[in-house]
Amino acid sequence: MMKEPIISVRDLVAKYGDKTVLDRVSVDIFPHEITVILGGSGCGKTTLIKNILKLYNPVSGSVKILGKEIIGMEDDEFDQTLKQIGMLFQNGALLNSMTIFENISIPLEQHTSLTPDIIERIIRVKLSLVNLESAADLTPSELSGGMKKRVALARAIALDPEILICDEPSAGLDPLTSASLDELILKLKELLKMTIIIVTHELASIHRIADRLIFLHDNKIIFTGTLAEAKSTDIPEVESFFRVGRFE
Amino acid sequence: MILKDKNLIFSGALNKFTVPDLLRKCKLLAEKEIKSIDLKDVETVDGAGVAFLDEISGYFPEKPRIINANTEVKRTIKIFSSVGLQPVPVIEKDNFTVRLGESVLSWKDSVVVSFTLAADIIYWSITGIFERKSHRKGEVIHQSILIGVDALGIISLLSLILGLILALQSAAQLRQFGANIFVADLIAISMVREMGPMMTAIIVAGRSGSSIASEIATMKVTEEIDALRMMALNPIKYIVVPKFHAITICMPLLVTMSTLIGIVGGLIIAVTYLDLSAVSYFNQAINVLTVKDVIIGLMKSLFFAWVIVIIGSYYGLKVKGGSEGVGKVTTLSVVASIFWVIVLDALNSLIFYF
Ligand SMILES: Nc1ncnc2c1ncn2[C@@H]1O[C@H](COP(=O)(O)OP(=O)(O)O)[C@@H](O)[C@H]1O
Ligand SMILES: [Mg+2]
Chain W
0 MMKEPIISVR DLVAKYGDKT VLDRVSVDIF PHEITVILGG SGCGKTTLIK NILKLYNPVS
60 GSVKILGKEI IGMEDDEFDQ TLKQIGMLFQ NGALLNSMTI FENISIPLEQ HTSLTPDIIE
120 RIIRVKLSLV NLESAADLTP SELSGGMKKR VALARAIALD PEILICDEPS AGLDPLTSAS
180 LDELILKLKE LLKMTIIIVT HELASIHRIA DRLIFLHDNK IIFTGTLAEA KSTDIPEVES
240 FFRVGRFE
Chain G
0 MILKDKNLIF SGALNKFTVP DLLRKCKLLA EKEIKSIDLK DVETVDGAGV AFLDEISGYF
60 PEKPRIINAN TEVKRTIKIF SSVGLQPVPV IEKDNFTVRL GESVLSWKDS VVVSFTLAAD
120 IIYWSITGIF ERKSHRKGEV IHQSILIGVD ALGIISLLSL ILGLILALQS AAQLRQFGAN
180 IFVADLIAIS MVREMGPMMT AIIVAGRSGS SIASEIATMK VTEEIDALRM MALNPIKYIV
240 VPKFHAITIC MPLLVTMSTL IGIVGGLIIA VTYLDLSAVS YFNQAINVLT VKDVIIGLMK
300 SLFFAWVIVI IGSYYGLKVK GGSEGVGKVT TLSVVASIFW VIVLDALNSL IFYF
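Those protein sequences? They're chains W and G, same order as listed. Per numbering that gives the first Met the number 0, residue 0 is the first one in the first sequence, and the count goes up by one each step. Per numbering that gives the first Met the number 0, residue 0 is the first one in the second sequence, and the count goes up by one each step.
Do not take every clue at face value.
A short, non-exhaustive set of chain G residues, derived as facing chain W with CB atoms under 8 Å [stated by the list, open to error]:
| id | residue |
| --- | --- |
| 1 | PHE51 |
| 2 | ASP53 |
| 3 | SER81 |
No lab work stands behind these hints: they were computed from the structure. In this text, all values refer to a predicted model and were calculated from it rather than measured experimentally. Don't be surprised by glycine CBs; every beta carbon is placed ideally from N, CA and C.
With the sequences and hints as input, model every part of the structure.
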């Protein structure tokens, strides 16, 4: 039996001006799984995510999240969908004028009626999960790139969203931190039943966490399937990625 | 939530949606004796739920034990528990006297820094006149267009309006005494000595001073300045000097134009309202002006220009933090440059006309 997908994309076309970045892409993301999106730099992974989240409007196609078509959905209704999604942007996208603590408290204060005590506890825990307890009072400009990413992850999981999307979470992190992030991501999937979408190129990380892989190449999806299927496929780009650990 | 035999029983989900309500109910139970918290019927717990359990365990005289949680809930509690983590420290704000003292000290520092920077900029600008290679080709022309040509429209329009207003305001009085012709004196002198240089400087400070500050500040926070330094380039020579040269060329020209257009504005009123002829208006204006007035007006405008560039660069380089710092220093630089333009103008009046 096939599970119902939690996000389902059909024939999505995305362009910047005249340049087509995604050409009739169809993807299914299944609940409680970790889906890894792969592809050479500049092949449109970020674009795919941003189109799914309506940060850019797709030229054509359909995107269903949690069973609802979101293209053409009213903003108010889409906000309700967004509250169930946590997003870690490629460059962190922290609000620079606020401290780390305040950054993480934004979704908690805006979208729940939790009391300040509880919020403080939640933030403390989320920061310790990304090993940054001591950074609460700093501002983003006082952090290194890898630290910003980890704070951004803490903010993305502040509300324990149903769907977590991470755009290259481990780029710029040392192998140890990156491994501990993988562990955290596995726990989030296991304990909080999150559905997680991750863009990453780290072969080690993929082996540790991926349930399912989506391979983007030349504006198209050339492979989707489980990790085991990916390792045994004979699609040349996928095969060479697993053989040498990079895109040729 | 039920309380039974000193046993607090929860059921269903403990998550961000149910917690606020449960917390309210638990507060009512505070100080009661609770032995244990029973999670037998709890199916899911999220981060907020765990924080809630941590929070309420402090409400009761004796810390209740958590019992009957299923393995998954137990693991979630273990991983998301805030017990044993350091509370987020609160930074104490300095009191008034400390802040006052600090601001005096930092003012002293900033005077030193800004004078050093000014000396640097002026030194490199003078030596840079003959050095073509230290900045991008065509940069001075490019900057002249941004600072000068692009400001022509707004400065002309405002100067014309200013000339009209000055003439109009004085026309009624002058007419009473039959002193119509003196409108030319009034407009010519006030435009050349004061209004032309001053208004142009304020507009340039608002347009170009702010853009200098924000451009340099942005380059600083994105480490572009460091990158230039690492390519063995002097950031001041590369970025500031072309602007300094451009503004030195543009400012006197803008002021000249502003003054002329202001005088033309006065002419319109003189001809239409005071029954003067254009020829007599111009003759009178030229007769009343001295070479000294013109030279002082232009010299003044050069000083204003340099102050604007130096203050813009000073605040740009002073930026702290990320993108939000850029906005802050830009505002500060505009306020400071307008302030110093006016102060310099007052000093100038004291020295030359008192
Ligand atoms: N805002 C934009 N405007 C125009 N082109 C863009 C924009 N963002 C990305 N692109 C182009 O779209 C392509 C895909 O980019 P992106 O989705 O960011 O790639 P990646 O797979 O590395 O995340 C790239 O060729 C990039 O140049
Ligand atoms: Mg990307």
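To see whether the hints hold, each was checked on the structure:
1. PHE51: Holds, because the Cβ-Cβ distance from PHE51 (chain G) to chain W comes to roughly 6 Å (cut-off 8 Å).
2. ASP53: Interface hint status for ASP53 (chain G): holds (6 Å vs cutoff 8 Å).
3. SER81: holds, 4 Å
Checked against the numbered hints listed earlier, the structure breaks none of them; every hint is satisfied.
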